[in-house]
Amino acid sequence: MNFFLETLIGGLLAGTLYSLVAIGFVLIYKASGVFNFAQGAMLLFAALTFVSLHEQGLPFALALALTVLVMIVGALLIERLVLRPLVNRSQITLFMATLGLSFIIEGLAQGLMGAQVRALDLGIEDVPLFVGEIMISQFDLVASGVSALLVVVLALLFNKTRIGVALRAVADDTRAALSLGINLNRIWQIVWAVAGVVGLVAGLLWGARQGVQFSLSLVVLKALPVLIIGGFTSIGGAIVGGLIVGAAENLAEAYIGPLIGGGITPWFAYFLALIFLYIRPAGLFGDRAIERV
Amino acid sequence: MTVTVSRLGAVFDEAPLTLVRRSWPVGLPLLLLVAFVVLPWLGNDYWLNAILIPFLVLSLAGLGLNLLTGYTGQTSVGAAGFMAVGAFATYGLLLRVPGLPLPLALIGGGLIAGAVGLLFGIPSSRIKGFYLMVTTLAAQFFLEWVFAKFPWFYNHASSGTISAPRLELFGYSLASPVGRYLLTLSCVVLLTWVAVNLVRSQVGRNWMAIRDMDTAASVIGIPVERYKRLAFAVSSFYLGIAGALWAFAYLGTASAGSFDINRSFQILFIIIIGGMGSIAGNFIGAAFISLTPILLSHAGQWLFDGNVDAGQLQNLQKILFGSLIIWFLIKEPEGLVRLLADLRERIRVWPLRF
Amino acid sequence: MSALLEVRNVSLSFKGVKAISDLSFSVRRGEICALIGPNGAGKSSLLNILNGVYQADAGQLFFASEPLRRPHPLQAARLGIGRTFQNNALFKKMSVLDNLLTGLSRFQRSFFLEQALGLPRARREARAFAERAEQVLEFLELQPWRDVAVGSLAYGLQKRVELGRALIAQPTLLLLDEPMAGMNAEEKQDMSRFIADINRDLGTTVILIEHDIQVVMGLSSHVVVLDYGRKVGDGTPAEVQANPDVIAAYLGAPH
Chain A
82 MNFFLETLIG
92 GLLAGTLYSL
102 VAIGFVLIYK
112 ASGVFNFAQG
122 AMLLFAALTF
132 VSLHEQGLPF
142 ALALALTVLV
152 MIVGALLIER
162 LVLRPLVNRS
172 QITLFMATLG
182 LSFIIEGLAQ
192 GLMGAQVRAL
202 DLGIEDVPLF
212 VGEIMISQFD
222 LVASGVSALL
232 VVVLALLFNK
242 TRIGVALRAV
252 ADDTRAALSL
262 GINLNRIWQI
272 VWAVAGVVGL
282 VAGLLWGARQ
292 GVQFSLSLVV
302 LKALPVLIIG
312 GFTSIGGAIV
322 GGLIVGAAEN
332 LAEAYIGPLI
342 GGGITPWFAY
352 FLALIFLYIR
362 PAGLFGDRAI
372 ERV
Chain B
-5 MTVTVSRLGA
5 VFDEAPLTLV
15 RRSWPVGLPL
25 LLLVAFVVLP
35 WLGNDYWLNA
45 ILIPFLVLSL
55 AGLGLNLLTG
65 YTGQTSVGAA
75 GFMAVGAFAT
85 YGLLLRVPGL
95 PLPLALIGGG
105 LIAGAVGLLF
115 GIPSSRIKGF
125 YLMVTTLAAQ
135 FFLEWVFAKF
145 PWFYNHASSG
155 TISAPRLELF
165 GYSLASPVGR
175 YLLTLSCVVL
185 LTWVAVNLVR
195 SQVGRNWMAI
205 RDMDTAASVI
215 GIPVERYKRL
225 AFAVSSFYLG
235 IAGALWAFAY
245 LGTASAGSFD
255 INRSFQILFI
265 IIIGGMGSIA
275 GNFIGAAFIS
285 LTPILLSHAG
295 QWLFDGNVDA
305 GQLQNLQKIL
315 FGSLIIWFLI
325 KEPEGLVRLL
335 ADLRERIRVW
345 PLRF
Chain C
14 MSALLEVRNV
24 SLSFKGVKAI
34 SDLSFSVRRG
44 EICALIGPNG
54 AGKSSLLNIL
64 NGVYQADAGQ
74 LFFASEPLRR
84 PHPLQAARLG
94 IGRTFQNNAL
104 FKKMSVLDNL
114 LTGLSRFQRS
124 FFLEQALGLP
134 RARREARAFA
144 ERAEQVLEFL
154 ELQPWRDVAV
164 GSLAYGLQKR
174 VELGRALIAQ
184 PTLLLLDEPM
194 AGMNAEEKQD
204 MSRFIADINR
214 DLGTTVILIE
224 HDIQVVMGLS
234 SHVVVLDYGR
244 KVGDGTPAEV
254 QANPDVIAAY
264 LGAPH
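Protein chains in written order, with the numbering used here: chain A, 82 to 374; chain B, -5 to 348; chain C, 14 to 268.
The shape of chain A in the complex, shown without the other chains (with noise of 0.2 Å):
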């Protein structure tokens, strides 16, 4: 039993790490329609711009403003450059575009800041700490706990605020908010920093996690199976499509694994995918899309 809720905490803390990465999807996603790959490119550069810095000898605080306001910038110049150009053309379009453009970062990422893994050091010990007799690694909780501040902030920017109310607007109905008089392109721009500044958190709590190499890239493609099961347009279900996501690996790993060799994380996610979108193809939150001819 105490494997069980040992490995079902586990899987459930790495969730919520999922759930981070899918949330900065959902943001894009609800206000400009795309699935945006780069993300993950995005994720790296942002862990790597901080690690460099840190290692340039400076400090904690600064190295981190300086990141996030690197990742605005280069949220500003992707909506320019790329978004703004193809604003009316397919799904697969934008996602190809997005797979274009995380190429471009991961070069430059690699090329400005070399290849080898970094150790990413944000001060938390990964010490176990036992509930009862339950082992919970610290650093999982210290990370669930950053993800779920950052979700509180997140949902009181979108409730609260002005823009977010306007966010939310340019999500649900484009054409009418722009004849509400919301400027489109700003929302855009504004999306994709926030999703750039989540994707920094993402970046440096994965970092930590694994070391900033490049299959941090990949990790967006397990947000798919994560969108999917939530739903594309939901932050809600982001989390929740995290959370399911984590703790079926982590069980699946440990109960299913051994009867067939082990090393089933990779693709179980994907399995699982699968399955909800047989049951439910817009996911458990998302919007259903109607066809008519």
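Just so you know, the hints here were simulated from the structure itself, not pulled from any lab data.
Computed from a predicted model, the values in this text were never measured in an experiment.
Glycine included, each C-beta is placed from N, C-alpha and C at the ideal position.
No false leads were slipped in.
When the alpha-carbon atoms are kept at most 27 Å apart in a straight line, the in silico BS3-like pairs for lysine-lysine are as follows:
id : chain 1 : residue 1 : chain 2 : residue 2
1  : C       : Lys28     : C       : Lys244
2  : C       : Lys28     : B       : Lys122
3  : A       : Lys241    : A       : Lys111
4  : B       : Lys122    : C       : Lys105
5  : B       : Lys325    : C       : Lys105
6  : A       : Lys111    : B       : Lys325
7  : C       : Lys31     : C       : Lys244
8  : A       : Lys111    : B       : Lys122
Coverage of chain C stretches by chain B, computed from C-beta distances (three or more under 8 Å per stretch; other residues unrestricted):
id : stretch
9  : 91 to 103
10 : 106 to 118
11 : 134 to 146
12 : 151 to 163
Given the coordinates of chain A, work out where chains B and C should sit on it, guided by the hints.
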């Protein structure tokens, strides 16, 4: 009242009309002659091994993916997974079926890959468009895992790799660069001919109808689900053979890692840059992807007097490819093939402007 | 002339909203019947029922005196019911010729392998299909645009291509959903001429949804008027024009 179009261009002074081209390239017999006779005779080993063979195999892989993604509109990021199936299946057949001729082993590998592709294509009847990517991702990661995890596939070799089996035809060894080149070339020419037949036939039209508007296709009586599955099967067949050729005619030895997700992305890039929904585009795209690294490294050496970091070149290449993808998607979604066709048209018309 | 199509007490509702209520009428073989009525009157829904895209909640359909039970679009197509759509369901990236040829999909007999290898039966079939397509291209005067990607054509031409795609299958009954929407006077004249030609030369029965009353009066011999899913008029154009219920529903004074 009839309206005649006297020149290629606007009848109503609006956007120019797009022509759908459907002709064999000029000088095809000559091209084939050069490919089959001149090049093997003239070419040195380096050119054959490092440039021509991978170019041909990548063209074939692009062609396979294009049938599914470019013609039928089903986005797939799992191309390399099916290539792996073909490589390992061909290896298994050659290893375990004594005396099986190479062509049959290749076709067998292709058929097995096609069957696996069919299996992963079943969800396409329920799952549409963008979400289908999840199926192909699942295929990619799962297949990569299978061929790394289960030693039966690589005959329990401790390195996890499979190596070129006896490459021979009617007793003649094909292990030399020329031999492997001709093997690859023959496969590619044959399969391209079949692909051209397919895309010009009702099968091809049904596929394109599904791509353009599958609800309408269904309403006019096209069995959409059946054709989607067919596309998966045929595409994977092509990818399987390409995978076998990649492993044995080009690399020599291969493992599951030779067919990872980056390879899938590479093939996707080939068809985006070359032109989705075109046959010639695959060759153009593959040529581009094969030659650019070489051109870049030569340019780097020339510009910086030989002091250039291979790693930085790779990064530059990534940036270049990424930018090109975006540029093509914005400016010319039909890829290089359309760009070149327009250029050719303009050159043809140019003397007439005087 | 006998009844080709009979609609008896057909009803259809969407989530509680009645799109069609207890509708009955019949269409004689060889006539051009116009279906008119204000927007939302249920006209497109009726066509969708006729060719199997929607299933009616109640009522019966008879085609060529045979009952038509819950048809599937392919079934309707096989029976000889052809259809065009309000929103131009054309395949934008394919050429005009290819779009026409997709209309012949269901007549394909040769197998995948035969087509892949260019075997004789596949080639014969392809030639026969191509001939049919040329005939339609000629009939609808679309030859200049044979190899043009449909998506780059003007809207009026696109509608003509869609007509061709439905026509190539040689339907007995042709359902046209606003075939002249968005056309100017000259294009409407052309389209009317084509529809009249199809009806006269090929004997095809036509049901068309149309808003332009001039066109309706000139082209059709039978008019059915719908309002809120119910029939409010049924007869010759002249009869319908004089019907007070119809006038009340939507016609207003002529001109």
